[in-house]
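Protein sequence lines, in the order shown, are assigned to chains A and B.
Residue 359 in my numbering sits at position 271 of the first sequence; the count goes up by one each step and never skips.
Residue 411 in my numbering sits at position 323 of the second sequence; the count goes up by one each step and never skips.
Mixed in with the good hints there might be a few duds.
Each pair may be met inside one copy or between any two copies, as identical chains are not told apart.
In silico DSBU-like pairs for lysine-lysine, Cα to Cα no more than 35 Å straight-line [what the hints assert, rightly or not]:
| hint | residue 1 | residue 2 |
| --- | --- | --- |
| 1 | K349 | K147 |
| 2 | K350 | K455 |
| 3 | K470 | K447 |
| 4 | K454 | K470 |
| 5 | K450 | K154 |
| 6 | K447 | K286 |
| 7 | K154 | K447 |
| 8 | K470 | K450 |
| 9 | K349 | K450 |
| 10 | K147 | K455 |
| 11 | K154 | K349 |
| 12 | K286 | K311 |
| 13 | K350 | K470 |
| 14 | K154 | K455 |
| 15 | K147 | K470 |
| 16 | K154 | K350 |
| 17 | K286 | K154 |
| 18 | K154 | K454 |
| 19 | K470 | K455 |
| 20 | K311 | K154 |
| 21 | K349 | K286 |
| 22 | K379 | K454 |
The hints are simulated quantities; they were obtained by calculation from the structure and are not laboratory data.
2 protein chains.
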Amino acid sequence: MRLHVILRYIGMVMLLNAAFIFISFLISFYHRDSGQLPLLFSFLITLLWGIFPLVFVPKTTNLFNKEGYLVVVLSWILSCFFGSLPFLLYGGEFTFVKALFESVSGYTTTGASILNNVEALPKGILFWRSSMHWIGGVGIVVFVLIVLPSLGKAQMTLSKMEISPLAQEDFKFRTRKMLNIILVVYVGLTALEVILLKIFGMSLFDAINHAFATVATGGFSTKNTSIASFNSVPIELTIIVFMFLSGIHFGLLYSTLTLKKKNIFTSPIVRYYFIATIIGIVLVTFNLHGKVYSSWSESLRYASFQVVSLSTTTGFANADSSIWPPFSILIILFFTIQCACAGSTSGGMKLDRVFIFLKALKGQIKKLQHPQAVIPVRIGNKTISEDIINSVVLFIVFYILILFISTLLLTALGYDTLTSFSATAACIGNAGPGFGLVGSLSNYSTLSNPALIILSFVMLLGRLEIFGLLLLFMVKSWR
Amino acid sequence: MRLHVILRYIGMVMLLNAAFIFISFLISFYHRDSGQLPLLFSFLITLLWGIFPLVFVPKTTNLFNKEGYLVVVLSWILSCFFGSLPFLLYGGEFTFVKALFESVSGYTTTGASILNNVEALPKGILFWRSSMHWIGGVGIVVFVLIVLPSLGKAQMTLSKMEISPLAQEDFKFRTRKMLNIILVVYVGLTALEVILLKIFGMSLFDAINHAFATVATGGFSTKNTSIASFNSVPIELTIIVFMFLSGIHFGLLYSTLTLKKKNIFTSPIVRYYFIATIIGIVLVTFNLHGKVYSSWSESLRYASFQVVSLSTTTGFANADSSIWPPFSILIILFFTIQCACAGSTSGGMKLDRVFIFLKALKGQIKKLQHPQAVIPVRIGNKTISEDIINSVVLFIVFYILILFISTLLLTALGYDTLTSFSATAACIGNAGPGFGLVGSLSNYSTLSNPALIILSFVMLLGRLEIFGLLLLFMVKSWR
Ligand SMILES: [K+]
Ligand SMILES: [K+]
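Chain A with its partners taken away, still in its complex shape:
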């Protein structure tokens, strides 16, 4: 373990942060708003932390796998601290804990906010909020596609859970070249969405901010009432499409663009993702019709946006789903827990795992009918090993256990069950909005400091796929 090498790489991440804080500063400078000084100070502090190891540590090109892991995880945690500086220095609604919560929420692309009045923020600070999402999204792609699969023997324990088996076997992501190309897809999606949102009537500033938040499946908006404030069907349709795309494995998106055989149209996981989303939309639409909205078109409009928003763990809102009937709430909670595909910027349990569970269950039931038969679990034409199934299902139960424990802690702090459960589900899934006190058009401002600290930890736990964070606390594995 070469600590200086690790510091040098973390420094480079800090410089990336510094660059975006500087852009935010320029925006505030242009508007002559109250974000200027906080952003300038934050830029200088972050810049120094970034430059220091870069100057004193000699360049190293080779990075061991475990070092790579530490670089990404520590970068994430340090970014959360440095990223909160602009909020803390700006003040306003931000206390120390709230600034940290907003920052963790930004980098983990959760998008849960403690702000009552987002629109009161200076433009530079608003841009910095969205930038955290976008940087976090890059971090996720690097973490999931390079770091997790590279953890040597621990790969057996981690990557088999972290990466879609499709991805693991059909793509060679670990080369930097490939990663760069994937990041081009990430940038490309963002650029395309900015253009479309601008065409459909957003200001350039709003378009960039919302594109950042969509592609990273983050969910921070520049408006108090999120996407509802634009009240525009074309904008909502654009965002639905880009949210859905951002929930797909980025490598798969790339291979689709380059017309490879393995693409989003042949992938069984994407097919499951698509069908599950459609079923969810249909169920919620039927439930809303007559109960919340009188017309079918309205029911479909709000159901489709909210279902896609939560299933991709973006968390944008075009309606207040807190007042929807329990059936719709449960469906949306299910999607908040299942989430979208591994290898995307989305959070949560990942539907790959749910898909593997369903396949394994089908196999188990077939075994009841044909006790003698050996029934392999297949996805596409790949056989999933017992070992993978075992850890996938174990992960699901562990995920649900953590969900339960965090819910329990929040109820112990005095919150009601729906708020506690949905806030936990929304935070561990990096989705953002829940129900009850933390509904889709509401925010986390009323929660106490202990609750916000628990939820910050839960957001990081979810983002680093639980075991990714647990690994940090296992001293023995670093020898």
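Based on these hints, arrange chain B with the ligands on the given structure of chain A.
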């Protein structure tokens, strides 16, 4: 598959039912109450159904494993129909669906009741309600200790999930002799509890009814306000002890009585059961103190009774836990889902599975620290195979999935989330009371027919350990 042999055995079960209906009739006859005619008619119908195959089918001593399975499962389902006859003929609060629900609830030892006024029932009908629990309890012991482990090759799929690995490996339950001895333990526990309850002030009638409901972990009471109506600490303590004992593997209880080395004091699963229960009681006591009860002794009294009652899936109540804080409700819901030991009359997921999951999770985390090491999962000095872990964890997720689907169906019928979820958890776990509309001192009378039908099915699903019922629908496996 010899249908006539199966019918003969089912007939014997019907005769057992008929015998208890006759006793119930005698009680009603003694009291000259309105239960006489309904019970007499039901007795005659059940008797005929029982005697018919006994007369016409020659005696067969050998029973194939699959036939044994069909005998038990079909006996259960037929008993539920015949058992509802006395209710249906008596009328009162019973409609067709409600009578069937009460009967399913009785035989599956769920103890969920649709009655608002239990005390208005004639004594004979009351005794029949408790008898269904007691007969159901015998059925569970036979099903879990003989039938499931005997399903030939399907044993690999079923019994490894159904039976505590301890039981599977250390006891030879399948001999009838051994089973008879275990039933003696069952009868012995019942008799002992009757004596103690009588000593502590219950009438003989109440003592017998409550002993039946305790040892079968059923929960039907002869009083509207369940155990609360006696308001007696010695009675509550007696019931706590017998509920706890009835949650332990009956084979283990027997080997403890005969001073074998494997006993309840050396079993790691019983240790986990004991410790988990204590932790639950402590957490709920602390949560209740100051919020619901002002004294520590009251908090402990109500917490310990309700936690043991739900963790053993008995479902007796000495307080209205519906008004308890969310934290206590969640703890109790956790125990309603985890439940007690395999091989007991308790329902639900069985804590053996939760215990195996926790052990497997510990192994997985150890693997993160020592990627090269092979870490076997052990319980006591037995190694649990990957195969067992796999199906145990798969079962847990499947259980949670069914929990979710049934909750969703109930919310679709218009019920609130807490009622829907807790009613499902209480029914699939064969526990009885939930929260919301179906709280511990409340009942299921306000639910609509579709809801009662869904929950009846869910009770059977839980009682037959899900796969046990699914197997019935798999025509192929019967060829
Ligand atoms: K999000
Ligand atoms: K019960």
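Evaluation of the provided hints:
Taking the closest pair of Cα atoms, K349 and K147 never come within 35 Å of each other, the shortest separation being 39 Å inside a single copy and 66 Å across copies. When the C-alpha separation of K350 and K455 is checked against a cutoff of 35 Å, the pair qualifies both within a copy, at 31 Å, and between copies, at 33 Å. In this assembly of identical chains, K470 and K447 lie within 35 Å of each other by CA distance both inside one copy and across copies; the values are 12 Å within and 30 Å between. For the homomeric pair K454 and K470, the shortest alpha-carbon distances inside one copy (19 Å) and between copies (29 Å) are both at most 35 Å.
Taking CA atoms no more than 35 Å apart as the test, K450 paired with K154 passes between copies only; the shortest distance there is 22 Å, against 37 Å inside one copy. For the homomeric pair K447 and K286, neither the shortest alpha-carbon distance inside one copy (43 Å) nor that between copies (54 Å) is at most 35 Å. Taking identical chains as interchangeable, the C-alpha atoms of K154 and K447 lie at most 35 Å apart whether they share a chain (33 Å) or sit on different chains (27 Å). With identical chains, the CA atoms of K470 and K450 are at most 35 Å apart both within one copy (16 Å) and between copies (29 Å).
Proximity of K349 and K450 under a CA criterion of 35 Å is satisfied intra-copy only: 28 Å inside one chain copy versus 41 Å between copies. Within a single copy, K147 and K455 get their C-alpha atoms only as close as 57 Å, which misses the 35 Å cut-off; across copies the closest is 34 Å, which meets it. For the homomeric pair K154 and K349, the shortest alpha-carbon distance inside one copy (33 Å) is at most 35 Å, but the shortest distance between copies (48 Å) is not. Taking CA atoms no more than 35 Å apart as the test, K286 paired with K311 passes inside one copy only; the shortest distance there is 16 Å, against 70 Å between copies.
When the C-alpha separation of K350 and K470 is checked against a cutoff of 35 Å, the pair qualifies only within one copy, where the shortest distance is 13 Å, while the shortest distance between copies is 45 Å. Only between protomers do K154 and K455 lie at most 35 Å apart by alpha-carbon distance; the minimum there is 15 Å, versus 41 Å within a single protomer. Taking the shortest alpha-carbon separations for K147 and K470, neither the intra-copy value of 41 Å nor the inter-copy value of 53 Å comes in at or below 35 Å. In this assembly of identical chains, the alpha carbons of K154 and K350 lie at most 35 Å apart only when taken from the same copy (31 Å versus 46 Å across copies).
Taking the shortest alpha-carbon separations for K286 and K154, neither the intra-copy value of 43 Å nor the inter-copy value of 68 Å comes in at or below 35 Å. When the C-alpha separation of K154 and K454 is checked against a cutoff of 35 Å, the pair qualifies only between copies, where the shortest distance is 17 Å, while the shortest distance within a copy is 41 Å. Taking identical chains as interchangeable, the C-alpha atoms of K470 and K455 lie at most 35 Å apart whether they share a chain (19 Å) or sit on different chains (26 Å). Taking the shortest alpha-carbon separations for K311 and K154, neither the intra-copy value of 41 Å nor the inter-copy value of 65 Å comes in at or below 35 Å.
Taking CA atoms no more than 35 Å apart as the test, K349 paired with K286 passes inside one copy only; the shortest distance there is 34 Å, against 77 Å between copies. Proximity of K379 to K454 under the C-alpha cut-off of 35 Å is found in neither arrangement, the shortest distances being 41 Å within a copy and 51 Å between copies.
The structure fails hints 1, 6, 15, 17, 20 and 22 (numbered hints given earlier, in ascending order).
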